[in-house]
Amino acid sequence: MAKGQTSIDLLLALLAAIVFMAVLNIYIGNLSQDAAQSSLRNSAKAILLDAYAATGEVKAYGLTIDYMPPQPAMPAPCSIEFDNDNSDAKTGLKVSLGGETAGYSGINFDDIKIGGSSLAGNNTATKPCNEKFTIGKA
Amino acid sequence: MTGRTRGQMLSLDFLLAMAVIILAVGVLLNHYDILTTQGKESRVKSELNTIAQTASQQALEKNADCASDFSTQGYKIYGCTTSNFSSLTKNYLLVPEGFSCYVTLDGGAAANGPGGCESTDAPLDAKDVAVAERKYLSPNTTLSKQDYEKCITGPGCTAYTVKKLRVKIWR
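For the record, the sequence lines run as chains A and B.
FYI, in the numbering used here the residues of the first sequence are 1 to 138.
FYI, in the numbering used here the residues of the second sequence are 1 to 171.
If you're looking for bench data, these hints aren't it; they were derived computationally from the structure.
As the structure is a prediction and not an experimental result, all values here were calculated from the model.
Be a bit skeptical, because a hint or two may be false.
[Said to hold, decoys possible] Pairs of lysine-lysine residues, derived as BS3-like cross-links and limited to a Cα-Cα distance of at most 30 Å, are as follows: (1) B:Lys62 to A:Lys45; (2) B:Lys40 to A:Lys94; (3) A:Lys127 to A:Lys90; (4) A:Lys137 to B:Lys62; (5) B:Lys62 to B:Lys76; (6) A:Lys45 to B:Lys127; (7) B:Lys45 to B:Lys62; (8) A:Lys90 to A:Lys113; (9) A:Lys90 to B:Lys127; (10) A:Lys137 to B:Lys76; (11) A:Lys45 to B:Lys45; (12) A:Lys137 to B:Lys145; (13) B:Lys62 to A:Lys113; (14) B:Lys62 to B:Lys150.
[As the list claims (entries may be wrong)] Here chain B is said to cover these stretches of chain A; the calculated rule only asks that three of the stretch's residues, wherever they fall, bring their Cβ under 8 Å from a Cβ of chain B: (15) 7 to 17; (16) 70 to 80; (17) 98 to 109.
Positions of the beta carbon are idealized from the N, C-alpha and C atoms, including for glycine.
So that you can see chain A by itself, here it is in the shape it has in the complex (with noise of 0.2 Å):
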């Protein structure tokens, strides 16, 4: 090999590094925003949760509570429903994040009032998290 002279040695670990680099940075771009996705879905359900377990405590001991959903750690809109429609056959639960759903169907919420509303007689009510309400029993 003459003085001065690129090897093809040389030559082939920069296109094979440049590919590698390049796959990588496509790989890591999907995984990040998989995380981001998946952040804000681990989020919605850990609201679902705790909104979930509170509005049992409430039912099963006859309490008033000001209950104040956690906190997502990315910020996004944000909202609980409390859906006590019959008529779909679809009451429940449903937390909305940026997006993402995370909900429980087919619980019943007669005898619970949202925000001093029941929601006996196929009422829902719709609160953002990042808002102090009351849970009470009707």
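Use these hints to put chain B onto chain A, whose structure you have.
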């Protein structure tokens, strides 16, 4: 660098370096995968436990009619119920769709269990199962205020029998 002949395209050093890099990336991804799986399992367990606890609370408190004779005098007896849960339903117990429930009393299937729950135990291949167990007082006769107060103040209480309620949740 190891010796090489003219025209040899890949050196042994290069191959070894690539192997080490691939191994390192593999180990990192495996570690990430294990952490993700552990987190997911933990969340599933927590969810099932919460549902089981909530369902058992509803079962005991909704059914509590032990102080029927004197409840208007400000008495509310927590953790006391008859052993007939047939007036309850799965959706009243707040067990969501997609989850199954099975209620036992003192180890045996509840003859008058909540509607909508299973009449047999969870299948052996159910992967995610949680059980909430609660002791409760079952009145032997219609509970009078005198019996209730006697049981609070001292031994020799025969008004109740201690029983065990188990709510099993799986999906």
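Hint check results:
1. For a cut-off of 30 Å, the pair hint linking Lys62 of chain B to Lys45 of chain A stands: about 27 Å separates their Cα positions.
2. Only pairs whose Cα atoms come within 30 Å are accepted, and Lys40 of chain B paired with Lys94 of chain A is accepted, the gap being roughly 20 Å.
3. For the proposed pair Lys127 of chain A and Lys90 of chain A, the alpha carbon gap of about 18 Å is at most 30 Å, so the pair holds.
4. This hinted pair checks out: Lys137 of chain A and Lys62 of chain B have alpha carbons roughly 12 Å apart, not beyond 30 Å.
5. Our distance criterion of 30 Å between C-alpha atoms is met by Lys62 of chain B and Lys76 of chain B, whose separation comes to about 12 Å.
6. Between the alpha carbons of Lys45 of chain A and Lys127 of chain B the distance comes to roughly 20 Å, so the proposed pair stays at or under 30 Å and holds.
7. A distance of roughly 26 Å separates the Cα atoms of Lys45 of chain B and Lys62 of chain B; the hinted pair therefore holds under the 30 Å criterion.
8. Among the hinted pairs, Lys90 of chain A with Lys113 of chain A is consistent with the structure: their alpha-carbon atoms are about 19 Å apart, no more than 30 Å.
9. Straight-line distance between C-alpha atoms of Lys90 of chain A and Lys127 of chain B comes to about 26 Å, which keeps the hinted pair within the 30 Å bound.
10. For the hint pairing Lys137 of chain A with Lys76 of chain B, the CA-to-CA distance comes to about 16 Å; that is within 30 Å, so the pair holds.
11. Restraint check: the Cα-Cα separation between Lys45 of chain A and Lys45 of chain B comes to about 13 Å, which is no more than 30 Å; the hinted pair holds.
12. Distance restraint check for Lys137 of chain A and Lys145 of chain B: the Cα-Cα separation of roughly 26 Å lies within the 30 Å cut-off, and the hinted pair is therefore satisfied.
13. Under the criterion of a C-alpha separation no larger than 30 Å, the hint pairing Lys62 of chain B with Lys113 of chain A is consistent with the structure, at around 17 Å.
14. For the suggested pair Lys62 of chain B and Lys150 of chain B, the alpha carbons sit about 25 Å apart, so the restraint of at most 30 Å is met.
15. For the region 7 to 17 of chain A, the stated coverage by chain B holds: 5 residues have a C-beta nearer than 8 Å to a C-beta of that chain, and at least 3 were required.
16. Here's how the region 70 to 80 of chain A fares: 0 of its residues keep a CB closer than 8 Å to some CB of chain B, so the rule of at least three is not met and the hint is violated.
17. With a threshold of 8 Å between beta carbons, the proposed coverage of the region 98 to 109 of chain A by chain B holds, since 5 of its residues qualify and at least three are required.
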